[in-house]
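S.K.: As a plain string of letters, each chain reads:
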Amino acid sequence: MRKPIPPAKPKKSQYGIDPNLLKKRMAELPGITSVTVKELFPDTPDVIYPSEAGKEAIREATIKSLENVDMSMIKPENSVNICASHHGFTLLGGEAYTEMLKTVRDEIIRRTGCRNVRLRAGVGMRLRETEEYIKAFKLDEYFEGKAKGVAPIDKGIPIETEIGTLYGLNAIYDADFVVHCHNSDVREVHFHRQVDRAVKPFGMSYARAETRSTYHQNLGPRGANFTARAIFNSEFVQKKFAFATFLNMSPAGVVGVVSDNDLYKLNEKLTFDGLKYYGKIITLFGQLSDCIVGLDFPCPVPYVFASGVIYANFVSANVDLFNLESLAPYTWYTESFYGKDGKPLIPEIPPVNPKIKMVIHNYAWSGYPSAFFSTHTPTIVVGREQADLMSRCPMNAKYMDHAVIADTLDAAMEFAYKVTGTDKVLIFDGAAGGINVSESLAKEMLEKAPIVAEKVDNELMPIWLKQRGIDPLALAK
Amino acid sequence: MRRVSLLAKVDLDTCIGCKTCERVCPTLSIKVKDRKAVVDEQRCTGCGGCEQRCPVFAIKLVERDDPYTIEFKIVPEMKDKVDELCRKAKFHPEQIICYCTETRAEEVAAAVLAGNDTPEKISAATGIRTGCKIECIQPILRILNAAGITPEKPEGYQWYGLTPTLWDINEDVKKRYSDGGFRFDDDIEVFEKVINAKK
Ligand code: SF4
Ligand code: SF4
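Those protein sequences? They're chains Y and F, same order as listed. If you read the first sequence in my numbering, its first letter stands for residue 8, the second for the next number, and so on. If you read the second sequence in my numbering, its first letter stands for residue 12, the second for the next number, and so on.
Derived from the structure by calculation, the hints contain no laboratory data. As the structure is a computational prediction, the values presented were derived from the model and not from experiment. Treat each hint with caution, since some may be false.
Said to hold, decoys possible - Here are the computed lysine-lysine pairs in the DSS-like style, where the Cα-Cα straight-line distance is at most 30 angstroms:
| hint | chain 1 | residue 1 | chain 2 | residue 2 |
| --- | --- | --- | --- | --- |
| 1 | F | Lys90 | Y | Lys350 |
| 2 | F | Lys90 | Y | Lys162 |
| 3 | Y | Lys155 | F | Lys47 |
| 4 | Y | Lys155 | F | Lys164 |
| 5 | F | Lys185 | Y | Lys276 |
| 6 | F | Lys47 | Y | Lys142 |
| 7 | Y | Lys283 | F | Lys185 |
| 8 | Y | Lys347 | F | Lys47 |
| 9 | Y | Lys246 | F | Lys186 |
| 10 | F | Lys204 | Y | Lys272 |
| 11 | Y | Lys142 | F | Lys20 |
| 12 | Y | Lys155 | F | Lys90 |
| 13 | F | Lys204 | Y | Lys473 |
| 14 | F | Lys20 | Y | Lys347 |
| 15 | Y | Lys162 | F | Lys92 |
| 16 | F | Lys185 | Y | Lys246 |
| 17 | Y | Lys155 | F | Lys186 |
| 18 | Y | Lys153 | F | Lys71 |
| 19 | Y | Lys162 | F | Lys186 |
| 20 | F | Lys132 | Y | Lys347 |
| 21 | Y | Lys162 | F | Lys84 |
| 22 | Y | Lys347 | F | Lys92 |
| 23 | F | Lys99 | Y | Lys350 |
| 24 | Y | Lys283 | F | Lys186 |
| 25 | Y | Lys145 | Y | Lys247 |
| 26 | F | Lys71 | Y | Lys155 |
| 27 | Y | Lys473 | F | Lys186 |
| 28 | F | Lys42 | Y | Lys350 |
| 29 | Y | Lys19 | F | Lys20 |
| 30 | Y | Lys153 | F | Lys30 |
| 31 | F | Lys164 | Y | Lys350 |
I would like the entire structure built from these sequences, with the hints used as guidance.
M.R.: What follows is the structure, encoded as structure tokens:
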């Protein structure tokens, strides 16, 4: 039995419990082993990070990716906002994304002579989260006092788009040029459905509350991400947009860094890569039998990671999330379609993944409306402090109405094993390059992976690409 | 429904009177007077908007001595009118429009029909928009709009304006982008089914 992979370290944050209160990680439980992504899917590409070269590999790849990018529009007297999001800092400890941001800054200064290069880092719903990352990674010093966390309730700016007026954040667009720095992992595929994935932050972390509300309430479960395209296509943004740089991710880590002046060209490549790299592991997740899920990562409930995939994807894994014919079991649209009796208003709404028999919330943050998860899956929260943290959160007043508390992780597991009758455990703890699971689940995953791989390559991938209008041959050219 | 157990407390020595808190508060419960922020303790919902944006960390959320619940009760005689307003705004009455507080369209519609004519009054009456403070502004504006109300804008940047819905996207835009995967008409079909669901 292989040793578990070290889980991601807890982080000191106002949105999580004090790391000292986290007494035991799920990977330390008896019977937990690990499988690597490479073992499951041997065609998984090699990664440049994590690797022995460390963050230097990211710097090198970023510089190389920028070689073919035109920066001539940026003059020494101009100002440039490097736009970032909290997501990148949650990947593999955040060092890779940080290094990419620093390198983009250094390259802009070196190549254009422009020194007024600022960092503007957007957030999800934890309005000070990127302020915490800026501090932790000393980005304010690196950006010479010009790094700022921005939030959707900050001052806005109207943006005229082809569907009407939407609103961006003033601080994102208060420079002559904007550079879009993000990460390609499919992440919230339940929201964007891998349509315009690379464009999403224009409708989200760079956007005002009105726009984000448009995304999640007005444009529908499969039209939502058009909000981002509408803003990006606007004359206002087009005038300012210089280029984009992305960490190209796979479930095993950073595959490379890609940059382009043409965001749609980049988007097409990253859409393809995302389907290819993440399609298999997410489809495999959908094939697993009954299991206990462990949440053990410094992020809110739906955003904890296993093999680069967030828990929200597992909640929806009973449906092919990449197939645009289907509705996702979890999105805010589907959540909104549940009536007062707790049942969906229409039969088309699929249930959440019925294979999740119990959830052990060993370590996950507040700061995201998560009551949907504890309502639909039996949940045990470890430690009263963590339960209190959820109850204090203005977004989670009802989370603990549907969850129970265990004093220790061991007590929670003993209860979970007894009640569910399964010994299969899948842990979302950010283990790099693989997944920490029970021995029984490791065996099942290794058995099923080759069948899933064949199905994805031969059957599903052509459907997914066709639905997005992507011709793989044209892309290869 | 929103349970309120916290309250914003300002450290007057730290406050610099910048008014950021005043500009973001969804219930207009904090005002700067004589260059210091003052909280209306009765009205504050403990949403944390001010605490999260104060540039000098002058605000803390503290436990209330008097926790309370905000809920706008729907009078049975109003039910038909409430349902009609929800559907006019293209929501099913039971549709959840605030994920943090589980507020349903009918509660907001009832509050609007009872005379709450701005997002700020609606937030104070129902608790909506006092969780994340981000995602539910459009449903509120849509229901006000369906009721024929143009709300008065507060002085801050609590909200800017009504934005498009699926039904506003013209055929030309739909045609141009549907090959890339945007399924506007399919989503309209889903919404229509939800709006007209018998419950
Ligand atoms: S945001 Fe902070 S510093 Fe500014 S007025 Fe409010 S409490 Fe005072
Ligand atoms: S922003 Fe929220 S916490 Fe602050 S005063 Fe207003 S209601 Fe209270």
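S.K.: Would you pick out the hints that fail for this structure and give their numbers low to high?
M.R.: Numbers 2, 8, 10, 12, 14, 15, 17, 19, 21, 28, 31 - these are the hints that the structure violates, sorted from lowest upward.
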